[in-house]
Amino acid sequence: MISESIARREFFTILGISAATAQNLFAQHTVDFAAYQPRAFTPSEYELLDALAETLLPADETGPGAHDAHVAYYIDVVLTHAPPPRRLSWKSSLALVQSLVNQRFHQPFTNCSVAQRQEFLAELASHELNPQTALDRFFIEFKRTVVDGFYASDLIRREHLGYKGNIAASEFPGCPHPNFEHP
Amino acid sequence: MQSTIHDVCIVGSGPGGGICAYVLASAGLKVALVESGKWLRPGIDYGGHHSSIYQTLDARLAAQRSPLLSVTDFSDSNHFTPVGDRPGHGLLRAVGGRSLCWAGHSLRFGPLDFQPWPVSYETVAPYYSKAERLMCVYGNKDGLWNMPDGDFQKGVSLRCAEHMLKSGVTRLKAQGRKMDFVPLRKAMPTESHPGQRAKCHYCGHCMNGCEVDAKYTSANTPIPLARNTGNLTLFTGCLMTRIVMDRTGRRVAAIEYRDESGSLHQLNCRALVLACSTIETARHLLANKTPEFPTGLANSSGQVGRNLTSHFGLSVTAFFPQLKNRDASNDDGTDYYHGLLTGLYWDQPNKNFAGTYQVQCGSGLHPSNTRNVYLPGFGSAFKRELKEKSICSANMNMQGALLPSAKKFVDLDPDRKDLYGLPLPRIHLHYEDNDVAMAQDMVETSEEIVRAAHGEILSSPRKVSAETLQIDYNHWVGTVRMGTDPNTSVLNADGQSHDIPNLFIGDSSVFSAYPEKNPTLTNIALAWRMSERLADKAKRGEIS
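Note that the protein sequences, when read in sequence, are chains A and B.
So for the first sequence, my numbering puts the first residue at 9; every next one is plus one.
So for the second sequence, my numbering puts the first residue at 973; every next one is plus one.
The hints are simulated quantities; they were obtained by calculation from the structure and are not laboratory data.
Nothing here was measured: the structure is a model prediction, and the numbers come from that model.
Mixed in with the good hints, there may be bad ones.
[To be verified] Each computed DSS-like pair below joins lysine-lysine, with the alpha-carbon atoms no more than 27 Å apart:
#	chain 1	residue 1	chain 2	residue 2
1	B	Lys1359	A	Lys172
2	B	Lys1389	B	Lys1261
3	B	Lys1435	B	Lys1150
4	B	Lys1261	B	Lys1379
5	B	Lys1150	B	Lys1323
6	B	Lys1323	B	Lys1145
7	A	Lys172	B	Lys1389
8	B	Lys1379	B	Lys1435
9	B	Lys1359	B	Lys1296
10	B	Lys1389	B	Lys1379
11	A	Lys172	B	Lys1126
12	B	Lys1296	A	Lys172
All chains should be built: construct the whole structure from the sequences, respecting the hints.
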């Protein structure tokens, strides 16, 4: 066991000299999202989650959005392993959301225009700082989970946040700004 | 039954036990190191945290693990009974113990901190130096009188928002406030030297378990060195179930343990070192009642399990608009905290509470902290603001010492027992006025620093009370304290039992008092000193 450990240490010591080479070692894994079948949610619920998440965090000039980040997959996995009452609560909240959308726009959320989606989400978000109803509380939980999944995505970290870490570096520069004067 | 008699039996291979094994084996003594866990191999049994969270999410959640890979997956659960204000208890059964998942923060206690102890700073200082060199502690020479400089490798720089906090401290100091802001000191090599561990590669996953063994652990440094002497026998997967006394009832003769199959064995020894953790060491002493020690071994003072304390705190998150246009940089470094607010109330105690605290400060994007606060809104504006706040924020994690009292202690649960019938420990924690008053000051001072740095408060505790305080479940100390008076302490200044001359303690339970600083470096320095004293006594024939 010790010899394996030492061998690995030596290996990484070499890598530490060549950070660019080492970065390849941390190549990101991929899940086959195209073939993924939701387990906690039905296909239509999954599509609704995907559309709601994309409206919350859309693709725009700052980078990819929740759909590209596969946040619906993240939510489905989290809820698959959540206690059944929490899963049921999400499903009933999604049903309520769909019912409210149908009442207002006479079509599923996924068929709504971007403007309609934004209008509906604005209403959902209107009480988030002072939640009164079960739907208000669901929105807060939904939003937290979407943000968690969004920021857990390697795509978002690199392409939206500009995260440059998770590499083997030979030195840590700290604040890179001369005289700590920030632009 | 084994007939071999080891010079010393050490129980527990964490930060204290590992160093005891190294020092005692190096002194030529035949040492048995008994560990209830197994070897965990960095990069094999734990590590891999550079991979995508999405890739492993399903399997980890199915196994009831958090999304982020961590060596703490191997931690015990349901192994103690909490009483009162939500005490926790970190216990990692593995070779190296909780040194596998520590942050590496290595701060010397200062002369003020040692005032209530039976040893002075000057007595312990040489052992701090030895420990720092072995552990490869990095740091800057800051010249702080009550957090003395040590034998450091080159320091690690502050990140952008940590510099902002430092600027706030500088402004408050100019107004006469007593405080300092310095880079943290940690046990990771920042320089390459022959024969030492690999240099840190600044990936920021220290507390998840360093997969290249750059961070100091008992498993990667003192235990392999002890093995190299040929004097160490390591027993893994072996759980001590009883301390066996000799015919007089006043000296340890052996321990009994169960191996992985559950078989019972006896291991004879001339001296016993317990280094099982502050909670577990007290538990074993209390559980071993004999006619000579009816309230537990070495407990004639009644102090075993008493004087319990730990660190507790709260956190404040700040936002610095000045950093809005900076790029995300690479903020990983050596895990979340690079800056330390220190020097508070060393020179003049606060009027409202006894003791003091420090604040560990971190900033920027980080694998384990990319979302700091709940922001209202949705859409592109929300997305931009979320990014801005994540890149430009700093977190201030406060750490103060609980004031010991009769309401904080460890005893045995009369109802719950482990696999082999040993009572589980109960941890009694009740926050008191002093703790809450200190916490109030923590929050006010932290917010004051943020404002002085021209930052904004993103999140702060709305109400400070016993209900909102958070205990550090890895920093317990004090249940088997050292002292000069056998009526009020369990151990003498050498870490040796007042009652049982061949019983020594090598973990943080020996602390006589607790400052704001992290415990591990002092645990290691004291264990090193205790082991040298024990080896000297053994050579003089005072043990057998």
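Check each numbered hint from earlier against the structure, then list the numbers of those it violates in ascending order.
7
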